[in-house]
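Colleague: Residue numbers (the numbering used here), protein chains in the order written: chain A, 16 to 623; chain B, 34 to 281; chain C, 31 to 297.
Honestly, the hints are just simulated from the structure, not real lab data. Note that the Cβ used here is the ideal one computed from N, Cα and C, for glycine as well. Treat the hints with care, as some may be off.
Stated by the list, open to error - Derived pair list, reagent style BS3-like, types lysine-lysine, alpha-carbon separation capped at 30 Å:
#1 Lys-272(B) with Lys-150(B)
#2 Lys-253(C) with Lys-354(A)
#3 Lys-272(B) with Lys-106(C)
What the hints assert, rightly or not - Far from chain C, by Cβ distances over 12 Å, these chain B residues were calculated:
#4 Thr-38
#5 Glu-60
#6 Lys-116
#7 Ser-119
#8 Pro-148
#9 Gln-153
#10 Ala-156
#11 Asp-157
#12 Gln-165
#13 Gly-223
Stated by the list, open to error - Now the stretches of chain A that chain B is said to cover, found in silico as 3 or more residues with beta-carbon under 8 Å:
#14 114 to 121
#15 158 to 167
#16 218 to 226
#17 251 to 265
#18 371 to 380
#19 489 to 497
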Amino acid sequence: MLNYETHEYDVLVIGAGGAGLRAAIEAAATRLSVGLVCKSLLGKAHTVMAEGGIAAALANVDQRDDWKVHFTDTMRGGQYVNNWRMAELHAKEAPACVRELEAWGALFDRTQDGRILQRNFGGHKYPRLAHVGDRTGLEMIRTLQDHGIHQGIEVHMECTVVTLLQDDGRVVGAFGYDRERGRFRVFRAKAVILATGGVGRAYKITSNSWEYTGDGHSLAYHAGADLMDMEFVQFHPTGMVWPPSVRGILVTEGVRGEGGVLRNREGRRFMFDDIPELYRNQTSDNEEEGWRYTQGDPDARRPPELLTRDHVARCIVREIKEGRGSPHDGVFLDIAWIKERLPTAEDHIRRKLPSMYHQFKQLAGIDITKEAMEVGPTTHYVMGGIRVDADTQMSNVPGLFAAGECAAGLHGANRLGGNSLSDLLVFGKRAGRYAAEFAAEHGAGTIDEAQIESTATWALRYFESNGSAPTEAENPYRVQADLQDMMQDLVGIVRTESDLRKGVEALRDLAGRAQRVTVPGNREYNAGWHTALDLRHLLTVSEAIALAALERKESRGAHFREDYPDKDENEARENIIVRKGPDGEMQVTREALPATRSDLQTVIEEMQ
Amino acid sequence: MVMATFKLWRGDRDAGRFEDYQTDITEGMVVLDAVHQIQAEQAQDLAVRWNCKAGKCGSCSAEVNGSPKLMCMTRCSDIPLDKPVSIEPMKAFPLIKDLVTDVSWNFQVKKRIKPFKPRQPDADDGTWRMAQADIDRVQEFRKCIECFLCQDVCHVLREHQMHDAFIGPRFFVYGASLEMHPLDIENRLGDLKDSDGIGYCNITKCCTKVCPEDITITDNAIIPLKERVVDEFYDPLQKLFRIFRPRG
Amino acid sequence: MAQAELTLKQHGFGQTRRRDLWWLQPLAVFAGLSTFVIYTTWAAFQGEYYAFGPYLSPLYSPELFGESSHSWFGAKPSWWPAVLPWSPAFLILWAPGGFRLTCYYYRGAYYKAFWADPPSCAVAEPRHRYLGENSFPLILQNIHRYFLYLALLFVVVLAYDVWNALWFTDAATGATSFGIGIGTLVLAANVVFLGGYTLGCHSLRHLVGGIRDRLSASPARLKAYNCVGCLNRRHMLWAWMSLCWVGFSDVYVRLCAMGIWTDLRIL
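Working from the sequences, and respecting the hints, build out all of it.
Modeller: Right, here's the structure in full:
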């Protein structure tokens with residue numbers, strides 16, 4: 016008989032980043048019992064890494080801003096494969112969500128008249144990002160955490176979910192283990208919200224931490240939920256490239272928002288060389304105008320450095336490929352140059368970008384107020400994820416909700432900076448509300464003991480001591496590293512049919528190797544074992560990304576196919592859906608994009 | 034590339050010892066990279082907490098050569114590698130395994146502190162007006178990443194184990210961020226004096242020295258709170274003033 | 031939470047795995063403060079050679095009762111018990127002494143250097159029992175702001191001494207004329223350092239503005255708060271500079287008064 020602890024809740028939230036916390040707070044407000052499970056300690060989730068700000072059309076800095084402009088910016092940035100309803104809800108509800116944070120104690124930087132200050136960011140027409148220096152994510156997660164702990168939510172820290180439990184198709188709980196002792200836990204719940212974040216650990220160069228192994232995507236997939244748009248993986252244009260051990264660590268877009276410019280080895284601002292048609296009207300064609308924009312001139316157009324992330328990343332890759340990169344295979348990001356314009360530039364930089372200053376000083380020995388940084392693209396975010404209903408955030412599996420990065424739809428083919436934090440708030444809140452509603456309307460389901468038993472057996476077979484160690488035992492860290500190398504090379508920023516096919520093939524091989532993984536030691540805080548268990552999730556999402564990328568035969572947003580370098584409007588009418596087939600194999604299908612509501616279509620056309 | 038020796042603490046609640054591991058150090062490596070390399074190649078079941086690896090989440094706190102530090106922000110080139118480098122877990126908290134300690138006490142303490150309570154909104158739309166000058170002070174405290182290094186180094190917790198009577202520097206910073214918040218109207222001074230034990234702090238400033246976010250914990254958070262406690266409980270003149278002018 | 035069994039607790043005074051020279055700073059503080067306390071005690075007990083012409087040693091200022099021309103209220107009072115040794119310094123030295131003794135910077139410094147509580151950061155201590163400033167006697171440290179009020183008066187008095195040090199009396203004619211000697215500069219520097227130290231006091235920072243959460247509403251207080259805050263950031267430096275300079279000022283006046291050193295007139 017398997018030994019496990021059981022916890023019972025009305026609503027179970029998996030993941031305690033911005034979306035998970037916001038969902039838990041909302042669900043707890045209905046007086047239902049709420050459990051919150053997270054892989055790390057509370058308050059350490061990747062939300063803390065968000066630097067730039069929260070996009071919301073508060074119109075505190077530029078009064079011309081409103082939800083329609085934000086909606087249009089989001090749709091344009093996502094190259095119109097976004098779910099229009101989500102984009103609408105997001106643009107409309109984000110301002111209230113930001114004000115709510117302030118009511119819970121968040122302290123955003125202020126305007127002269129004491130309101131929330133907003134800054135410029137890539138793809139946003141007006142200054143729109145509520146921020147706190149360059150540590151907005153920390154402010155947000157700490158506010159939610161400090162508010163959340165007084166709402167009666169039961170938190171299970173350092174606890175990992177291995178599988179979702181189902182009763183006749185409906186999700187009725189989750190099964191996992193606590194990291195500390197390795198004891199199994201069963202969480203029974205009437206509704207489950209996934210808020211597990213992204214998949215960045217599938218790549219070698221990433222800004223994501225060890226946690227981002229696509230758990231939510233994989234859990235939902237194996238429970239029968241559809242995954243959508245998985246080919247759209249955002250590579251943030253500016254990650255650190257040197258020294259090697261910090262490669263991938265994020266350099267906030269805020270650097271460019273404050274006037275930082277990208278230059279190649281020859282000192283040329285190469286971003287002026289290639290401005291896409293969609294943005295030509297909004298982009299400045301000279302340095303002077305770009306500078307005025309960053310200084311808040313409402314009549315100036317944005318500098319090309321603040322074009323969308325997919326485009327900037329591709330331009331950087333082009334410079335590097337054509338031999339104009341910096342010494343360590345990146346390009347130069349220069350904020351120090353603003354001292355030509357601002358007498359107090361050094362103070363200004365340290366004040367507006369304190370953690371960037373700190374990060375480069377400490378990790379690379381570079382003073383960004385004096386020297387240029389070296390940057391290159393890094394895996395940052397996945398636009399794709401669990402397909403959900405726009406209003407309720409419920410997936411196609413009853414009782415299973417998803418919010419934040421692990422849900423798909425809002426960002427389309429490319430996410431605008433700042434839209435992720437507002438996404439977490441708006442849809443975290445919605446998921447919490449509707450999951451609570453679902454829980455109130457449904458009784459507790461039945462837990463399948465056999466499912467628990469088989470999962471536990473699977474989880475424990477990784478231990479060497481179980482005696483079943485195959486002859487060619489694999490090291491879990493090695494398999495993970497090989498997977499990351501492979502994804503980086505074959506399913507990275509620039510993709511081709513042959514590479515992707517090789518990638519799919521390689522994944523089969525890696526899956527085989529993952530079967531042979533063994534770990535030493537016992538179940539107590541055994542990082543090797545945790546890595547081994549996460550491999551299944553990584554393999555699942557990697558396969559979904561590779562297959563979806565093969566299927567989309569065009570280049571759009573973050574998905575760039577060298578063999579189909581142009582946009583194809585026929586392709587753009589469909590979402591690519593990945594689901595588990597009856598045979599257990601991954602199926603890829605296409606579904607037509609829902610038609611945009613006519614009034615919103617008019618809004619989009621008016622703002623062209 | 035140099036070969037360096039690391040003495041890692043291996044053990045659990047019951048017993049433990051230092052074990053030597055040798056690994057290659059390449060340019061720019063931080064201590065956490067070295068620990069990961071050892072974990073992947075020589076000690077797969079080594080327990081170590083980490084997340085962002087960029088000094089923003091405060092997970093990888095440990096003691097490197099006896100000094101409390103974030104492993105991800107400690108460059109190998111800044112420590113002498115000619116002698117073995119010792120890496121051990123924080124000492125103010127019970128050990129779970131290897132480099133991981135049970136920091137749950139901190140989460141319990143935070144829950145005990147009275148939450149943020151804002152005044153009535155200033156504007157009809159339910160929003161407030163705040164001057165940047167008034168929030169500068171509080172924003173410093175809100176930089177805290179909860180790495181608990183200040184708790185670890187504070188001798189009241191580390192040496193005297195007064196976890197029941199003293200909440201530690203982290204939570205004075207938290208308390209200060211609430212008490213000095215321009216919108217907050219809650220009064221926590223009684224708690225600070227009694228249950229939080231602010232009087233146990235003897236201003237040795239070790240917390241300030243180890244803070245990876247450079248928060249001036251002692252001078253900007255703890256001492257101003259001590260002064261506010263003096264106002265409320267020890268200063269007869271202030272008490273007299275308060276009769277004529279209520280606290281604002 | 032019962033914390034009885036911290037698995038890795040360091041035992042034994044001075045035990046640490048720190049490799050740097052952690053003992054250097056507390057040792058320097060110990061040496062510096064000891065030297066100062068021993069010297070000032072000795073100097074206070076002298077009761078002579080504390081004034082020279084227009085100069086008055088800061089250790090003796092204000093000279094409430096005393097034999098020099100700087101005395102405010104005349105010679106040694108008759109009520110002073112005969113069994114006690116007499117020095118004009120005894121009447122006043124407790125005030126600046128108390129200010130420094132209860133100063134937030136010095137407290138932390140001497141707890142470490144003199145009590146080893148702790149000897150240095152992350153270094154094990156000799157005693158298990160710990161009361162901190164939570165109960166008697168150290169709870170009395172909270173009196174600091176009252177010493178601040180006195181210390182501010184002392185800065186004014188010492189500034190007045192500098193004014194006095196600008197007026198030299200000709201021994202032959204008895205006429206008084208304006209002048210500046212090295213001693214004047216020494217005393218002036220003393221006021222600057224003491225001012226920097228006193229005006230950077232944590233209690234003062236609190237009283238001028240820190241007490242308020244919304245300072246921007248009163249710009250003058252905000253300005254004062256920022257100024258005090260600016261000095262406060264270097265409080266330790268001001269503390270040491272002023273401490274050394276007070277001692278040096280006394281030495282200077284004393285050497286002049288004893289005839290060992292000749293004060294130079296600049297003007």
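Colleague: It remains to establish, for every hint, whether it holds in the given structure.
Modeller: Hints versus structure:
A distance of roughly 25 Å separates the Cα atoms of Lys-272(B) and Lys-150(B); the hinted pair therefore holds under the 30 Å criterion. For the proposed pair Lys-253(C) and Lys-354(A), the alpha carbon gap of about 28 Å is at most 30 Å, so the pair holds. Proximity of Lys-272(B) to Lys-106(C) is assessed by CA-CA distance (about 39 Å); at most 30 Å being required, the pair is judged violated. The claim that Thr-38(B) is not at the interface with chain C holds, since no C-beta of that chain comes within 12 Å of its own (minimum 14 Å).
Look at Glu-60(B): its CB is around 23 Å from the nearest CB on chain C, clear of 12 Å, so calling it non-interface holds up. Not every CB of chain C lies more than 12 Å from the CB of Lys-116(B), the least distance being 8 Å, so the non-interface label is violated. A beta-carbon of chain C comes within 12 Å of the beta-carbon of Ser-119(B); the shortest separation is about 5 Å. The claim that Pro-148(B) lies off the interface holds: its Cβ sits roughly 17 Å from the closest Cβ of chain C, which is beyond the 12 Å cut-off.
Every CB of chain C lies more than 12 Å from the CB of Gln-153(B), the least distance being 14 Å, so the non-interface label holds. Annotated as non-interface, Ala-156(B) keeps its C-beta farther than 12 Å from every C-beta of chain C; the closest such distance is 16 Å. The Cβ of Asp-157(B) sits about 20 Å from the closest Cβ of chain C, beyond the 12 Å cut-off, so the non-interface label holds. A beta-carbon of chain C comes within 12 Å of the beta-carbon of Gln-165(B); the shortest separation is about 8 Å.
The claim that Gly-223(B) is not at the interface with chain C holds, since no C-beta of that chain comes within 12 Å of its own (minimum 14 Å). Residue count for the stretch 114 to 121 of chain A with a Cβ under 8 Å from a Cβ of chain B: 5. That meets the three needed, and the coverage hint holds. Look at the stretch 158 to 167 of chain A against chain B: 4 of its residues bring a Cβ nearer than 8 Å to a Cβ of that chain, three or more, so the hint holds. Counting residues of the stretch 218 to 226 of chain A whose CB falls under 8 Å from any CB of chain B gives 3; the rule of at least 3 is met.
As drawn, the stretch 251 to 265 of chain A meets chain B at 7 residues by the rule of a beta-carbon pair under 8 Å; at three or more, the given contact holds. Judged by the Cβ-Cβ criterion of 8 Å, the stretch 371 to 380 of chain A is covered by chain B as claimed, because 5 of its residues qualify and three suffice. With 5 residues bearing a CB less than 8 Å from a CB of chain B, the stretch 489 to 497 of chain A meets the requirement of three and the coverage assertion stands.
Figure legend: structure checked against the earlier numbered hints; hints not met, in rising order: 3, 6, 7, 12.
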